[in-house]
Amino acid sequence: MTEKLVIIGNGMAPGRMLEHLFEQAPGLYQVTIFNAEPRVNYDRIMLSPVLSGEKAFEEIIIHGDGWYIANGITLYKGHKIVAIDRAAKTVISDHGVTEPYDKLVIATGSVPFIIPVPGHDLPGVLTYRDLDDVQAMLLAAQSRAKAVVIGGGLLGLEAAAGLNSQGMDVTVLHVMPTLMERQLDPAAGYLLQRAVEQRGIKVITKANTQAITGKSKVEQVELADGTIIPATLVVMAVGIRPNATLAKDAGIAVNRGIVVDAGMRSNDPDIYALGECAEVNGQVYGLVAPLYEMARVAASQLAGNEAAAFVHMDTPTKLKVTGIELFSLGDFAEGEDRQEIVLRDAAAGVYKRLVLRDDRIIGTVLYGETADGAWFNDLKKKQTDISEMRDTLIFGQSYQGGASLDPMAAVAALPDDAEICGCNGVCKGKITGAITAKGLTSLDDVRAHTKASASCGSCTGLVEKLMVLTIGDKYNPAAVQPMCGCTTLGHDEVRRLIKAKDLKTIPAVMQELEWTTSCGCAKCRPALNYYLVCDWPDEYADDYQSRFINERVHANIQKDGTYSVVPRMWGGVTNAAELRAIADVVDKFEIPMVKVTGGQRIDMLGIRKEDLPAVWADLGQAGFVSGHAYAKGLRTVKTCVGSDWCRFGTQDSTGFGVRIEKFMWGSWTPAKVKMAVSGCPRNCAEATCKDVGVICVDSGYEIHFAGAAGLDIKGTEVLGLVKTEDDALEHIVALTQMYREQGRYLERIYKWAKRIGIAEIKRQIMDDGEKRKAYFDRFVFSQKFAQVDPWSERVSGKDKHEFRPMASVGFAQAAE
Amino acid sequence: MNWIAVGTLSDVPRRGARCVATPQGKIAVFRTAEDQVFAIEDHCPHKGGPLSQGIVHGAAVTCPLHNWVISLETGKALGADEGAVRTIPVRIEGERLFIALEALASRAA
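Quick note, the sequences are listed as chains A and B, same order.
With the first letter of the first sequence counted as 1, position 547 gets the number 547 in my numbering; the numbers rise by one all the way through.
Numbers given in my numbering equal positions in the second sequence, counted from 1, plus 1000.
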């Protein structure tokens, strides 16, 4: 006997289910479909090519009208089911059709998330879900005006690329720091952003949409930081959620989606659900492969095979934007039991990462070159033991089975006219020729004679291999101490390449310089953060998660986890009001220890982290700002009382110390910088063991630097004598800037000076006026962005999360 | 297991941590660059440093006091150091985070 099968929804999943069903059990059911959309079943995945104009709608139809007729299906187009009557076993459409069923399949798919910001309902705000949305976007695109796409995930980027190729000026807003963060690690997200931007699409990450405004239709989008982006079209592509309302209203079990068992059956044995609206084993799915698997299972079940069961599977993600190759699969998070193999080819824009556990692939991210995606997917699915081919695994399938790689062999095989140094156009023959003819034995010699590797340095490895090939053991590569285990490059190389290659974010550095870990370590991240802050003061967004705790919360952590707070006392000078304010804070917060520091200021110790903003608020009321006692930056300028009071004083050392401190506070440096100004050679401010010190004399200001009084004890070197206070300030600032630009992270001035040479520093700062002025100007520019009191920022609410526990739990139970 | 809601995923910064105060001391809830979430005692096995304040890299954290590196997955010190902190089960449901508090109570008992 023929049973009546009714299907709500006409998307790809039920379409595929019917194909299987007709194959397995032809004639078993009389099928009726209700489709809310007024059309046949089409390939929703191909909407992006329709939007970009690469395909027409007719080309993406899966089942034409003829297929429905041939299979005796009644298809109600444009009929939305408004109720399911489970007692009567009927469904009712919005056009008044009541249809009885023996078996019902719910395939209502999903609905797009609408961010409930003001203006989300203005005309011109669209979602990206079906053909109607695409047609509305195409209509809007005819204006060639500005579009904003909210959401930098798969759908959002495809929409952006489509609108862009239709001639619109497109901006993508993404709330997370990197694009497609669910599928891609930050490194691949960075590459993707670069590729998207190269097409002329603007990308704003960490963009928090606050409102969409306009009189009668969309005119602009406003972000929480005040940015305003004009737009005539806004596409919301922030995500989807299962469309389970109908099922829920009918009293069917619904969690996130319609809850079904592994046989796709809901808690009503005659009602099945599949597709994006279904939740199986607590998971909902949005990619086509698992949805087709659901279709296969549901068809078998309907055909009477009750053993058919859905099994979870990972599905690779691919971005369907022409020219961007991207592949992501499985679990690519890091972990102790996991190992990763990373291949980065900066020049080719290729990034590949395999995540392994027990010699088996569990996750893959490929960018730029995805041809081996299918192979990696296969290895993962079959859980193939890859230990045999581990060394060459990342190079892909075509590399397997061959001889193991000898990096020297590849270089040796290069023809003489192969270009080695792209910056200076130097070929292999010229380098090997010069090495032989001139008897060169060091890299610097080769750089001097051929210019190879003398610009960006990215070919240094190749040049070194050529030297080994040409002169063998006579070449002894200078051992560069790598920054950390994540790279083979030393600090100096990294700093040079950051400038040479215009690298402006940590992921950019890690990608372009071929870091071997995906997100660095506690050694390289703070260093990179400093280098980027120093080199791009106006452009780089400080990454607080890459700073040590002291700099992140602007206080000094103590051994018991409490903090100490040191307000700035300019030049060590204070007054009754300030001291009173400190005394009040100490009383109010019951601060257990107050101590005068070696840098002429007052330290309050033992403050609980949660109290820090309140302590700063009170100190701020009295005019105090952060003393940066925690910073790799300018700490104190210690002074003596100078000519104002002292009978030996030659200049106003106190006033000058205050002036230096007010000029230079807030600047970040490779390591801490402590200064002092003494009013006469008796040197009461102990300026001759400081990073930078000044000894005032009758004839002017003697500038000292590179002293140490910590692990090492070292008297300062004399930089030189200048006549006026203005001159002295310019020299000190220029010297500090030179150190900021050249120093290695955590390298104090005295170590830097030893490495660079005292003579060279004197030459650049004392003798070369132009250079000195340039250093000075760069410092002044950078101060524009650095001189913000971090305490008052935090009193006004910045980084609130740092100072509060996320939750307090379990205290009630404890009281019992 | 007794799952206690402690907040949402977005409460914890990427490559960062937040604390949960409990009668037995603080628990640090970590979120990695790739949105894995872990919870461990906020107490370094070396000298009791607050691990929640350290730099998070991969699935590990470097203690802010003396740079011990602790695995967030196993709670064990990595590298040459030896020691371990207790790990606390975490469950993510959509955006919401839960930790297993019963594990705590059993320690107290």
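Derived from the structure by calculation, the hints contain no laboratory data.
In this text, all values refer to a predicted model and were calculated from it rather than measured experimentally.
Some hints here could point you the wrong way.
[Claimed, not checked] Dumping the calculated DSSO-like pairs for lysine-lysine here, alpha-carbon to alpha-carbon at most 30 Å:
no.	chain 1	residue 1	chain 2	residue 2
1	A	Lys318	A	Lys523
2	A	Lys451	B	Lys1047
3	A	Lys595	B	Lys1047
4	B	Lys1026	A	Lys103
5	A	Lys248	A	Lys217
6	A	Lys588	B	Lys1076
7	A	Lys451	A	Lys762
8	B	Lys1047	A	Lys800
[Claimed, not checked] Label-pair ranges, simulated between beta-carbon atoms:
no.	chain 1	residue 1	chain 2	residue 2	range
9	A	Asn71	B	Asp1035	16 to 22 Å
10	A	Lys771	B	His1066	38 to 44 Å
11	A	Asp444	B	Ser1010	49 to 55 Å
12	B	Ser1010	A	Gln787	39 to 45 Å
13	B	Asp1035	A	Glu610	22 to 28 Å
14	B	His1066	A	Val311	43 to 49 Å
15	A	Phe57	B	Asp1035	33 to 39 Å
[As the list claims (entries may be wrong)] Some but not every residue of chain A turned toward chain B, in silico, with C-beta under 8 Å:
no.	residue
16	Pro186
17	Glu334
18	Gly335
19	Val350
20	Thr517
21	Ala522
22	Ala541
23	Gln545
24	Phe548
25	His801
26	Met806
27	Ala807
28	Ser808
29	Val809
For glycine and all other residues, C-beta sits at the position ideal for the given N, C-alpha and C.
A quick look at each hint next to the structure:
{"no.": "1", "hint": "Lys318/A <-> Lys523/A", "in the structure": "violated, 34 Å"}
{"no.": "2", "hint": "Lys451/A <-> Lys1047/B", "in the structure": "violated, 52 Å"}
{"no.": "3", "hint": "Lys595/A <-> Lys1047/B", "in the structure": "holds, 24 Å"}
{"no.": "4", "hint": "Lys1026/B <-> Lys103/A", "in the structure": "violated, 54 Å"}
{"no.": "5", "hint": "Lys248/A <-> Lys217/A", "in the structure": "violated, 34 Å"}
{"no.": "6", "hint": "Lys588/A <-> Lys1076/B", "in the structure": "violated, 40 Å"}
{"no.": "7", "hint": "Lys451/A <-> Lys762/A", "in the structure": "holds, 28 Å"}
{"no.": "8", "hint": "Lys1047/B <-> Lys800/A", "in the structure": "holds, 27 Å"}
{"no.": "9", "hint": "Asn71/A <-> Asp1035/B: 16 to 22 Å", "in the structure": "violated, 44 Å"}
{"no.": "10", "hint": "Lys771/A <-> His1066/B: 38 to 44 Å", "in the structure": "holds, 41 Å"}
{"no.": "11", "hint": "Asp444/A <-> Ser1010/B: 49 to 55 Å", "in the structure": "holds, 51 Å"}
{"no.": "12", "hint": "Ser1010/B <-> Gln787/A: 39 to 45 Å", "in the structure": "violated, 31 Å"}
{"no.": "13", "hint": "Asp1035/B <-> Glu610/A: 22 to 28 Å", "in the structure": "holds, 27 Å"}
{"no.": "14", "hint": "His1066/B <-> Val311/A: 43 to 49 Å", "in the structure": "holds, 47 Å"}
{"no.": "15", "hint": "Phe57/A <-> Asp1035/B: 33 to 39 Å", "in the structure": "holds, 37 Å"}
{"no.": "16", "hint": "Pro186", "in the structure": "holds, 6 Å"}
{"no.": "17", "hint": "Glu334", "in the structure": "holds, 4 Å"}
{"no.": "18", "hint": "Gly335", "in the structure": "holds, 5 Å"}
{"no.": "19", "hint": "Val350", "in the structure": "violated, 20 Å"}
{"no.": "20", "hint": "Thr517", "in the structure": "holds, 7 Å"}
{"no.": "21", "hint": "Ala522", "in the structure": "holds, 4 Å"}
{"no.": "22", "hint": "Ala541", "in the structure": "violated, 14 Å"}
{"no.": "23", "hint": "Gln545", "in the structure": "holds, 4 Å"}
{"no.": "24", "hint": "Phe548", "in the structure": "holds, 7 Å"}
{"no.": "25", "hint": "His801", "in the structure": "holds, 6 Å"}
{"no.": "26", "hint": "Met806", "in the structure": "holds, 4 Å"}
{"no.": "27", "hint": "Ala807", "in the structure": "holds, 4 Å"}
{"no.": "28", "hint": "Ser808", "in the structure": "holds, 4 Å"}
{"no.": "29", "hint": "Val809", "in the structure": "holds, 5 Å"}
When the structure is compared with the earlier hints, violations turn up for hints 1, 2, 4, 5, 6, 9, 12, 19 and 22 and for no others.
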